[in-house]
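Colleague: Residue-level listing of the chains:
There are 2 protein chains.
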Amino acid sequence: MTARKEMNKKNKNLHVVIMAGGKGTRFWPLSRETFPKQFLKITGEKTMLESTVERLHGVVRPENMMIITTASQSDLVRWQTKETLTPDRIVVEPEGRNTAPAIALAAFKIRKKNKDAMMLVLPSDHHITGRAAFEAAVSEAASAAAAGSLVTFGVVPDRPETGYGYIKAGTRVKKNVFRVSSFVEKPDAGRARAFLKDGAYLWNSGIFLFKAQTILNEIKKYMPALYKAFSGIEKKLGTDLEPGALKGVYSGIKAESIDYGVLEKSKRVSVLRAGFGWSDVGSWSALGEIMEKDEAGNVVLGNSVNMGAEGSIVFSSGRLVASIGLKDMVVVDTSDATLICPRERVQEVKDLVDKLKESGKQEFLLPKREERPWGHFVVLEKGPGYQIKHICLKPKARLSLQMHNHRSEHWIVVSGIAKVQKGDEVFYINKNESTYIPNTVKHRLENPGMIPLKIIEIQSGEHLGEDDIIRLDDIYGRTEQQS
Amino acid sequence: MTARKEMNKKNKNLHVVIMAGGKGTRFWPLSRETFPKQFLKITGEKTMLESTVERLHGVVRPENMMIITTASQSDLVRWQTKETLTPDRIVVEPEGRNTAPAIALAAFKIRKKNKDAMMLVLPSDHHITGRAAFEAAVSEAASAAAAGSLVTFGVVPDRPETGYGYIKAGTRVKKNVFRVSSFVEKPDAGRARAFLKDGAYLWNSGIFLFKAQTILNEIKKYMPALYKAFSGIEKKLGTDLEPGALKGVYSGIKAESIDYGVLEKSKRVSVLRAGFGWSDVGSWSALGEIMEKDEAGNVVLGNSVNMGAEGSIVFSSGRLVASIGLKDMVVVDTSDATLICPRERVQEVKDLVDKLKESGKQEFLLPKREERPWGHFVVLEKGPGYQIKHICLKPKARLSLQMHNHRSEHWIVVSGIAKVQKGDEVFYINKNESTYIPNTVKHRLENPGMIPLKIIEIQSGEHLGEDDIIRLDDIYGRTEQQS
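Top to bottom, those sequences are chains A and B. Numbers 151 to 633, taken from my numbering, label the letters of the first sequence in order. Numbers 151 to 633, taken from my numbering, label the letters of the second sequence in order.
Just so you know, these hints were derived from the structure itself, not from any lab. Take the hints with a grain of salt, since some may be wrong.
With a cut-off of at most 27 Å between alpha-carbon atoms, the simulated DSS-like pairs for lysine-lysine come out as follows [claimed, not checked]:
(1) K262(B) to K370(B)
(2) K507(A) to K232(B)
(3) K347(B) to K371(B)
(4) K191(B) to K443(A)
(5) K532(A) to K518(B)
(6) K443(A) to K544(B)
(7) K417(B) to K262(B)
(8) K232(B) to K518(A)
(9) K507(B) to K511(A)
(10) K546(A) to K173(A)
(11) K569(A) to K604(A)
(12) K546(A) to K511(A)
(13) K477(A) to K518(A)
(14) K397(A) to K532(A)
(15) K572(B) to K544(B)
(16) K511(A) to K191(B)
(17) K265(A) to K371(A)
(18) K532(A) to K532(B)
(19) K532(B) to K507(A)
(20) K511(A) to K532(B)
(21) K572(B) to K507(A)
(22) K232(B) to K518(B)
(23) K262(B) to K477(A)
(24) K532(A) to K507(B)
(25) K500(B) to K477(A)
(26) K443(A) to K262(A)
(27) K371(A) to K318(A)
(28) K505(A) to K371(B)
(29) K371(B) to K404(B)
(30) K415(A) to K265(A)
(31) K518(B) to K518(A)
(32) K477(A) to K191(A)
(33) K477(B) to K505(A)
(34) K477(A) to K505(B)
(35) K370(B) to K191(A)
(36) K511(B) to K505(A)
(37) K443(A) to K477(B)
(38) K532(A) to K505(B)
All values derive from a computational prediction rather than experimental measurement.
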């Protein structure tokens with residue numbers, strides 16, 4: 151812990167920018183347009199966003215952490231970071247415009263508070279193992295960035311991966327820091343094998359570290375229009391005028407990646423040879439690389455019986471998936487749709503999603519919505535022992551007074567105001583506040599307000615069926631079942 | 151039609167015995183222990199049992215038709231033959247004991263009414279094409295049977311099938327009738343190819359025609375214990391004492407097939423070389439032989455999008471099945487379970503069902519049951535535009551007065567008594583009676599009795615969701631949704 155304490159001391163200038171704006175077509179049908187990968191628990195107990203935030207708490211001070219997301223995802227980000235971050239740490243872009251505008255906005259905001267700030271920029275939906283190696287890499291990258299470098303994190307490959315871009319390391323600058331010889335697009339299998347043998351080729355992780363001032367200088371040089379757009383509203387950033395100003399800026403700027411816009415052109419780019427384990431979790435097949443496998447090389451999650459399966463990935467959200475003789479296949483089962491695909495073709499899930507649009511099956515691109523007298527709910531995710539619902543109550547609507555034998559519920563208000571009865575207590579919870587209802591405690595949820603009440607409900611317990619609702623009284627008059 | 155009229159005239163002695171007692175593990179998860187293949191619409195608009203009955207209406211008089219089934223399936227048989235047969239045509243074995251006892255019972259009952267009766271015996275769950283060829287085959291077999299032969303129907307193979315038993319035809323008796331040279335077990339691929347080339351080998355279809363007197367003589371000779379058991383209760387057959395007498399007999403007899411018990415031993419067996427198309431529909435893979443395929447050789451039924459599939463069978467009961475690159479696979483999706491299996495391994499679905507038992511997943515062997523305040527229901531089958539429910543109302547229970555915009559409902563009472571409100575009319579329906587509720591007509595179902603009311607509900611319409619229930623008043627107080 152001394153090393154970390156020391157780093158915290160040293161790096162009071164170190165900020166983190168987590169980019170959480172990605173769309174989720176590759177993990178369809180579990181991810182949906184409005185519920186992308188970073189919000190899913192596919193790699194463990196926590197969502198990918200939660201794991202990312204947790205990992206970075208070891209690296210920077212909480213007040214130096216920022217999540218940049220888009221309006222359509224900001225509710226979900228607030229919900230998932232409720233326990234770990236204050237809401238002011240979430241920056242909302244009116245719309246996603248790829249990484250360059252997001253990084254420019256973050257840099258302008260951070261530099262305004264601290265001229266000497268350094269920014270560690272990274273995606274919210276990657277899987278990283280080896281915390282000590284990660285922290286060491288950040289520390290070393292920070293030194294190079296302090297000297298004016300744009301440091302990209304290159305991960306040492308352990309297989310001839312064709313799904314990643316590569317960075318070829320050139321001459322050594324210092325210990326694990328090298329000049330960039332070239333950025334290389336995703337290779338074919340033969341080149342990927344050659345890269346692995348060569349040793350100078352590193353996976354381009356999409357993680358960067360630079361001084362806010364350095365990246366802004368480079369954006370000014372290589373993306374002058376973008377720079378000008380944000381510098382025009384710099385004074386409004388961090389004030390009440392920011393949201394309106396951003397709307398104006400975003401309507402006029404084009405989507406561009408920081409890689410293409412700056413890094414592939416700048417003379418200040420270096421690459422850090424990082425020793426931590428990393429995956430971009432770019433497809434269902436990636437679970438085979440990062441999750442524990444059985445003796446036959448299968449990753450099986452959820453309710454499933456597989457006879458003679460080999461090298462396959464089976465994910466069930468609750469229904470039974472039963473298979474015979476699966477070989478190198480991916481099967482994903484959710485409440486309204488099932489995907490079956492050979493592992494080597496998972497990249498085509500995106501095309502499949504396009505095909506669903508063409509076939510008039512758009513409803514399968516959004517989470518499944520269930521209507522109720524008091525409003526509606528959407529099951530965002532369901533797995534062994536837990537279920538996450540997005541619940542919307544109409545103004546003045548009121549659920550029955552009820553209790554559950556087998557499940558506890560955690561409620562987080564993301565919009566509107568809730569009136570809650572919990573046991574004999576009655577109280578209100580506001581946006582960004584939460585409450586917890588243990589099993590066997592009678593409770594009622596009500597929307598006393600004039601606008602829809604939106605809450606995220608996390609149920610946990612051994613049995614999560616709609617049949618475990620004991621109704622004590624109900625304005626809709628229902629005495630059993632259906633929340 | 152002259153030919154058929156003539157046959158009807160000629161064959162006033164011809165009876166039909168349809169055996170409808172089979173269990174349904176091979177079509178899991180669509181078929182379940184209590185809902186086997188013969189009750190499913192897998193090959194067309196009608197269930198296999200319905201198609202079988204319809205086909206035979208062209209061959210025998212309705213009063214000469216008999217369905218022999220077991221107690222556990224008799225409700226389903228009554229329901230599915232409601233429009234086509236009178237209930238007295240259904241004979242119920244207390245328990246299934248393979249084909250020999252069923253045929254013996256049928257023969258005793260039929261001979262009691264008509265000493266000269268001939269019996270065409272056939273399974274309820276086979277697929278037959280070519281009605282004229284079928285009727286011609288029956289006609290020719292009847293001539294041979296009249297002369298004292300036990301005629302088995304052998305189908306001319308059109309492929310080297312390894313899933314069927316064969317009958318080798320010996321010397322010709324007359325036109326398409328031959329002595330049986332031998333019965334042959336399912337061959338391996340090499341022998342099956344040789345059989346196809348040879349031409350003397352016919353598929354053993356499990357269809358027979360004989361005089362009741364002939365088969366009883368042969369049963370007496372080769373299965374004397376079985377003969378004795380039934381002859382002991384012959385006087386009670388066709389009287390009120392029959393059910394009790396059968397219980398006694400069936401507790402003491404062992405399960406045996408007519409093939410093994412009689413046909414493979416008798417000297418009177420001949421084989422009819424039949425020209426109709428036939429499949430025993432023994433597995434999901436058989437759909438590939440009998441259903442229409444797309445250009446890539448796929449059979450796709452229900453809600454499904456398949457990119458680049460070849461030679462595959464995809465069946466969805468309602469949820470979306472989306473696939474990429476399926477090759478010679480079977481995918482079957484139902485409300486609570488999904489099966490994925492290579493076509494060449496569909497025979498192992500039986501083993502998979504065994505494995506489910508071992509894994510404590512017995513609930514997936516029965517249809518999915520949903521509890522309600524008034525009782526429960528089970529969705530027996532769901533497909534494009536229709537849904538079949540088995541509904542059970544507790545004594546004195548009453549559903550809400552309701553209507554549906556998009557669906558009509560057909561109700562058949564299989565047990566108990568129903569009080570029905572339909573529009574402004576109120577009436578009762580008894581066991582084996584039915585009523586029809588068009589869409590937009592208000593209706594209510596009630597159990598006025600002291601025993602559970604069981605009905606089969608067939609819904610049809612464009613939209614069959616639980617959300618299309620407009621409640622007008624409800625003793626459970628529910629005002630919207632949930633029937």
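Colleague: Does each hint fit the structure? Answer for all of them.
Modeller: Verification of the hints:
1. A hinted pair counts as satisfied when its Cα atoms are at most 27 Å apart, and K262(B) with K370(B) qualifies at roughly 16 Å.
2. As the CA atoms of K507(A) and K232(B) are separated by approximately 43 Å, the hinted pair breaks the 27 Å bound.
3. Proximity of K347(B) to K371(B) is assessed by CA-CA distance (about 37 Å); at most 27 Å being required, the pair is judged violated.
4. The suggested pairing of K191(B) with K443(A) is violated, with an alpha-carbon distance near 40 Å, which exceeds 27 Å.
5. Of the supplied pair hints, the one linking K532(A) and K518(B) holds, its CA atoms being roughly 19 Å apart against a limit of 27 Å.
6. Among the hinted pairs, K443(A) with K544(B) is inconsistent with the structure: their alpha-carbon atoms are about 48 Å apart, more than 27 Å.
7. This hinted pair checks out: K417(B) and K262(B) have alpha carbons roughly 25 Å apart, not beyond 27 Å.
8. For the given pair, K232(B) sits about 38 Å from K518(A) by alpha-carbon distance, which is inconsistent with the 27 Å threshold.
9. The suggested pairing of K507(B) with K511(A) is violated, with an alpha-carbon distance near 36 Å, which exceeds 27 Å.
10. Between K546(A) and K173(A) the CA atoms are separated by roughly 34 Å; this puts the pair beyond 27 Å, and the hint is violated.
11. Simply put, K569(A) and K604(A) have alpha-carbon atoms about 12 Å apart, close enough for the 27 Å limit, and the pair holds.
12. Proposed proximity of K546(A) and K511(A) is contradicted: the alpha carbons are some 34 Å apart, above 27 Å.
13. The straight-line distance between the Cα atoms of K477(A) and K518(A) is roughly 30 Å, outside the 27 Å bound, and the hint therefore fails.
14. Taking the CA atoms of K397(A) and K532(A), the gap is near 35 Å; set against the 27 Å cutoff, the hint is violated.
15. Simply put, K572(B) and K544(B) have alpha-carbon atoms about 20 Å apart, close enough for the 27 Å limit, and the pair holds.
16. Among the hinted pairs, K511(A) with K191(B) is consistent with the structure: their alpha-carbon atoms are about 25 Å apart, no more than 27 Å.
17. Taking the CA atoms of K265(A) and K371(A), the gap is near 19 Å; set against the 27 Å cutoff, the hint holds.
18. Between K532(A) and K532(B) the CA atoms are separated by roughly 24 Å; this keeps the pair inside 27 Å, and the hint holds.
19. Between K532(B) and K507(A), the direct Cα distance comes to roughly 24 Å. Compliance with the 27 Å bound is thereby established for this hinted pair.
20. In summary, the hint linking K511(A) to K532(B) is supported, as the alpha carbons are separated by about 19 Å, within the 27 Å threshold.
21. At most 27 Å may separate the alpha-carbon atoms for a hinted pair to count; K572(B) and K507(A) exceed this at roughly 41 Å.
22. Distance check on the hinted pair: K232(B) and K518(B) sit about 25 Å apart at the alpha-carbon level, within 27 Å; holds.
23. Restraint check: the Cα-Cα separation between K262(B) and K477(A) comes to about 58 Å, which exceeds 27 Å; the hinted pair is violated.
24. Straight-line distance between C-alpha atoms of K532(A) and K507(B) comes to about 24 Å, which keeps the hinted pair within the 27 Å bound.
25. In summary, the hint linking K500(B) to K477(A) is supported, as the alpha carbons are separated by about 20 Å, within the 27 Å threshold.
26. For the proposed pair K443(A) and K262(A), the alpha carbon gap of about 48 Å is over 27 Å, so the pair is violated.
27. In summary, the hint linking K371(A) to K318(A) is supported, as the alpha carbons are separated by about 24 Å, within the 27 Å threshold.
28. At roughly 66 Å between alpha-carbon atoms, K505(A) and K371(B) are farther apart than 27 Å, so this suggested pair is violated.
29. About 17 Å separates the Cα atoms of K371(B) and K404(B), which keeps this hinted pair within 27 Å; it holds.
30. Between K415(A) and K265(A) the alpha-carbon distance is near 24 Å, which keeps this suggested pair within the 27 Å criterion.
31. Distance check on the hinted pair: K518(B) and K518(A) sit about 21 Å apart at the alpha-carbon level, within 27 Å; holds.
32. Annotation: proposed proximity of K477(A) to K191(A) holds, straight-line Cα distance about 25 Å (limit 27 Å).
33. Restraint check for K477(B) and K505(A): the C-alpha separation of about 19 Å stays at or below 27 Å, so the hint holds.
34. Restraint check: the Cα-Cα separation between K477(A) and K505(B) comes to about 19 Å, which is no more than 27 Å; the hinted pair holds.
35. This hinted pair does not check out: K370(B) and K191(A) have alpha carbons roughly 68 Å apart, beyond 27 Å.
36. A threshold of 27 Å between alpha carbons decides the hint, and for K511(B) with K505(A) the separation of about 35 Å lies outside it, so the pair is violated.
37. Taking the CA atoms of K443(A) and K477(B), the gap is about 25 Å. The hint holds against a cut of 27 Å.
38. Distance hint between K532(A) and K505(B) is fulfilled; the C-alpha atoms sit about 25 Å from each other, no more than 27 Å.
Violated hints for the displayed structure, listed by number in ascending order: 2, 3, 4, 6, 8, 9, 10, 12, 13, 14, 21, 23, 26, 28, 35 and 36.
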